[in-house]
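Asker: This is what each chain is made of:
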Amino acid sequence: MKVSAIITLKKDVLDPQGKVIHQTLDGMGFKGVNEVRQGKYFEIDVKENDPKKAQKIVEDMCNKLLANLVIENYKIIEIQ
Amino acid sequence: MKSAVITFPGSNCDRDMHVALTKFGFKNQMVWHNDNELPKTDLVVLPGGFSYGDYLRCGSMASKSKIMQSVINFAKSGGLVMGICNGFQILVESGLVPGVLLRNKYLEFICKNIFVKIDNKDNPYFKNLDKEVFELHIAHNEGNYFCSNDQLKEIQDNNQVAIYYCNDNGKTEEKFNPNGSLNNIAGIFNKEKNVLGMMPHPERMIDKSLSGEDGSLFFKNLLNNIK
Amino acid sequence: MEVNEKIALDHGLKKGEYKKICDLLKRVPNFTELGIFSAMWNEHCSYKSSRLHLKNLPTSGKKVIQGPGENAGVIDIEDGDAIVFKIESHNHPSFIEPYQGAATGVGGIMRDVFTMGARPIANLNSIHFGSSQHKKTKNLLRGVVHGIGGYGNCMGVPTIAGQTSFDSSYNGNILVNAMTLGLVKKNKIFYSKAAGLNKPVIYVGSKTGRDGIHGASMASASFDEKIEEKKPTVQVGDPFTEKLLLEACLELMAGDSIIAIQDMGAAGLTSSSIEMASKGNLGIELNLNKVPCRESKMTPYEIMLSESQERMLIVLENGKEDLAKKIFDKWDLDFAVIGKTTNTKNIELYYDEKQVASIPINTLVENSPMYDRKWKKTKLPKKNLIKKEQFKKFKIKEVLNKILSNPNVCSKEWIWQQYDHTVMGDTIQKPGGDSGVVRVHGTDKAVAATVDSSAIYCWAHPLTGGKQVVCESWRNLISVGATPIAITNCLNFGSPEKEENMGEFVECVQGIGEASEYLKFPVVSGNVSFYNQTKEIGIKPTPSIGGVGLIKNYKQMITMDFKEINNLVLVIGKTEGNLDQSLFARNILNEKNGPPPEINLFNEKNNGETVLQLIKGNLVRSAHDVSIGGIITAVSKMCIKGNIGIEFDKPKYFMSEIEYLFSEDQGRYVIEIEPKNLKKVESILNKNSVHFDKLGKITDKNMIINGKTKVTIDELRSYNTNWLKKYMST
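Chains as they are written, first to last, in the working numbering: chain G, 1 to 80; chain E, 81 to 307; chain F, 308 to 1037.
Don't read these hints as lab results, they were simulated from the structure. There may be inaccurate statements among the hints.
To be verified - Calculated cross-link-like contacts (lysine-lysine; reagent style DSSO-like; alpha-carbon spacing at most 27 Å):
id, chain 1, residue 1, chain 2, residue 2
1, E, Lys288, F, Lys948
2, E, Lys82, E, Lys120
3, E, Lys192, F, Lys686
4, G, Lys31, E, Lys146
5, E, Lys192, F, Lys369
6, E, Lys107, E, Lys251
To be verified - Selected chain F positions facing chain E (Cβ under 10 Å, derived; list incomplete):
id, residue
7, Gly456
8, Met462
9, Glu554
10, Asp639
11, Arg746
12, Gly749
13, Lys752
Virtual Cβ for every residue (Gly too), placed ideally from N, Cα, C.
Between the sequences and the hints, there should be enough to build the whole structure, so can you do that?
Answerer: Take a look at the structure:
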């Protein structure tokens, strides 16, 4: 199954990239942006047909490698 | 001869470039990224550094800054524009030279001396140089040049490769490639060869007390070619 | 929220300290005030366990412009130029999140330096990891190196030297010490002492978020159920903003608007505002609604204790606000007038038009606790009786292979190649030498800097170890031809509440003091990091010493690579053959007891000054000090770097070859001289009563030690360079 996960910085953790992208967008004329937060997106194809088990496997990956839980959160957004 | 070095927020080789240009006789001006117009100049340099922190993609946000429109117009009208390291990344992002610069193959920042071979001297930068292999210095995290096969063919057909990574004898083998660049490409021109982007820093090689002196040859020659 | 003793204890205060606070205030502090006390009275800000001992360090001298007590120390390098420098630890954050911990450590120390008006011109670091076999070591090393590079490279400041060691005592407590040197004109140094009433207090830099608010606040249960989201987070570094902050501050400093400036480091707004007011003997009033915040609904407590990075507090001259704002606007940085200086001698905080804290500043600073902790003296261990017969079983070449590839000796190129060490165009000695050297831009002068520590010696006998580290720093400067000027120290120890660890601290400091006094090599800045321990076990005592010296004409700088065939090689200083605590004894003989090599300060000074005299007389072609691994290790590195060999003379010493080659006796240097200068050199050495041995002659491609032992330079190089690369690529 293909599992998609996004990893974002925890709320309250400074996102230097998001901040600068925000300023640049502003400068380019995209007014009215409140905030930009940048994250990572993963698509992982696992050899597993049970969606629940597939989700579990990818969650495990997030916990152990993909996300740095000191500063990041993850969310499984799609399983297909 | 006049030159202009653009300072973007996060540029950090702007002073070094100013020192080098001035040392070899250019009358150099520093230009702020937020200015609208370039001053009258014979050469524009986009210096190395971490413009906008290298955030999003290296060079991406600097390529959108105010002064870049004027730089692009200058280049389109045949003016000499040279981008070193982060400046090369900005050139790529602004479409003045083809391709992209990816993260180094081994995912590490590399700071060391390397050798490059000049492929073709039929351009205002290398014309009249009496040497093919130069020792220069690299310091980057994203210098891994890449482009599509079609683009590569076009680049080669037009003789747009400026320099290749090589060894001290000019051998351009994969083992002398520090960052995984396609075909050992270290620098390229636009089609017209008035715009040059390259990863190595000639401005760090202008004094024998530093890493070496091959950069001096480059600057002296450039000045003579512009005269 | 009502404050009580339990909440105070949760903030890390002791019962007696809480009582003292109530007594000083003559009331119970409110929650915000308690937070401020806990921050100001913790070990990091108050130096409560170390102050008593640190005050014995020599801190003044002819070249000292500013000693400890400011953001960094300042020394005079003549012609109106000065060097600002300091070293600081970021150990605990780096263990939790190595990339960000190391990055913000580098960012913090650079801020300390440019706060004083100096442009940073060089970074150094001293990093210590657990055993290479420990499962966490590789990732921690990689994270720390990437973090240091990530921040320093982006700032455009070259990282010119460093030190990396591995020892199992750091398994649960790595050390990350970062040092920065800055260049400033003597008459443009900025200090943190506020002056004048009703002067505007300005906040500049990044916005304030909930970064690094200390753990105790979270335990105090005042927050909503989403504790996970509010967990005290590691500070995230933003080197790009710091680069802008550097340029903006230097631009403002070029004028005459600033009265006082202080960076917001540990305990952020709290310590910066209080330090400026305290030094100026003033009060300060802040309106916390004016502080630029990243998150909504931050409480006064959070605003005062946030450790968000890349922020500064400035006391401006009246009427200069617009001019200053224009500069910070240009660099896209936040700028806000958040308060003013007052004559109340209190810190007064307002939020939503209500006073939320009012504390006499002297209670936070002068009345902060100071402890005379109990400590235990370390006896000098007895010498080992190493049986010489066993030396016969060793083949020099095999031992040399083991020593050169030892993690603490091997080449650290894998690390320093990831640091931009050439940006700014003035690096004339790159990492891997005895000291890093940068030119003073646009002059003939150059500044040399080195960072050193010897935890093994300090652990074996702290008093000797403390002296040794200072001496090693001094030797590393002299080896490149620099006149040593002053040092900064980063004192990494276990818990001061344990007598053994406190004893290690007290005696190391005593040793540092004795050596720096004798060598006229004063301590101008520094930092103490206690509680580097896991469970009950502290790290080996690890004072890191950052030394700075001056080369008047950079063309006289010396490097360690052997230069020319047929030149002669001398060992300066006497070899006694003491193997105790040497790498040979510990790693080859597996003998971990015994005293560290003895320090003779008279010889140290005399030998060093004589070598410097030879260098200044243009009589030395290459030089390297003898340290860990002994003479043969020093000579091997000189061969590798010069890509030429050496043939040793027939030994004339009264000891075994092993003792001569591998002992770590102090005060020694290896130098290369031209044969035609031998007489001249000998006469200077004799005149100064400096012991020396003729070691051999430089030859083609081999190191020939005796009839039996011949090692090619390529072999030496592969012994020395392969270990770390291999380790990091598997």
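Asker: Confirm or reject each hint.
Answerer: Each hint, compared with the structure:
1. Taking the CA atoms of Lys288 (chain E) and Lys948 (chain F), the gap is about 17 Å. The hint holds against a cut of 27 Å.
2. A threshold of 27 Å between alpha carbons decides the hint, and for Lys82 (chain E) with Lys120 (chain E) the separation of about 8 Å falls inside it, so the pair holds.
3. Restraint check for Lys192 (chain E) and Lys686 (chain F): not satisfied, since their Cα atoms lie roughly 47 Å apart, outside the 27 Å limit.
4. In summary, the hint linking Lys31 (chain G) to Lys146 (chain E) is supported, as the alpha carbons are separated by about 17 Å, within the 27 Å threshold.
5. With a C-alpha separation of about 39 Å, the suggested pair Lys192 (chain E) and Lys369 (chain F) falls outside the 27 Å cut-off, and the hint is violated.
6. For the suggested pair Lys107 (chain E) and Lys251 (chain E), the alpha carbons sit about 37 Å apart, so the restraint of at most 27 Å is broken.
7. The beta carbon of Gly456 (chain F) comes within 5 Å of a beta carbon in chain E, closer than 10 Å, and the hint placing it at the interface holds.
8. With 10 Å as the threshold, the beta carbon of Met462 (chain F) comes within range of chain E, its nearest partner Cβ sitting at about 7 Å, so the hint holds.
9. Checking Glu554 (chain F) against chain E: minimum C-beta separation of about 8 Å stays under 10 Å; hint holds.
10. With 10 Å as the threshold, the beta carbon of Asp639 (chain F) comes within range of chain E, its nearest partner Cβ sitting at about 7 Å, so the hint holds.
11. Proximity of Arg746 (chain F) to chain E holds as hinted, the smallest CB-CB distance being about 8 Å (cut-off 10 Å).
12. With 10 Å as the threshold, the beta carbon of Gly749 (chain F) comes within range of chain E, its nearest partner Cβ sitting at about 9 Å, so the hint holds.
13. The beta carbon of Lys752 (chain F) comes no nearer than 13 Å to any beta carbon in chain E, farther than 10 Å, and the hint placing it at the interface is violated.
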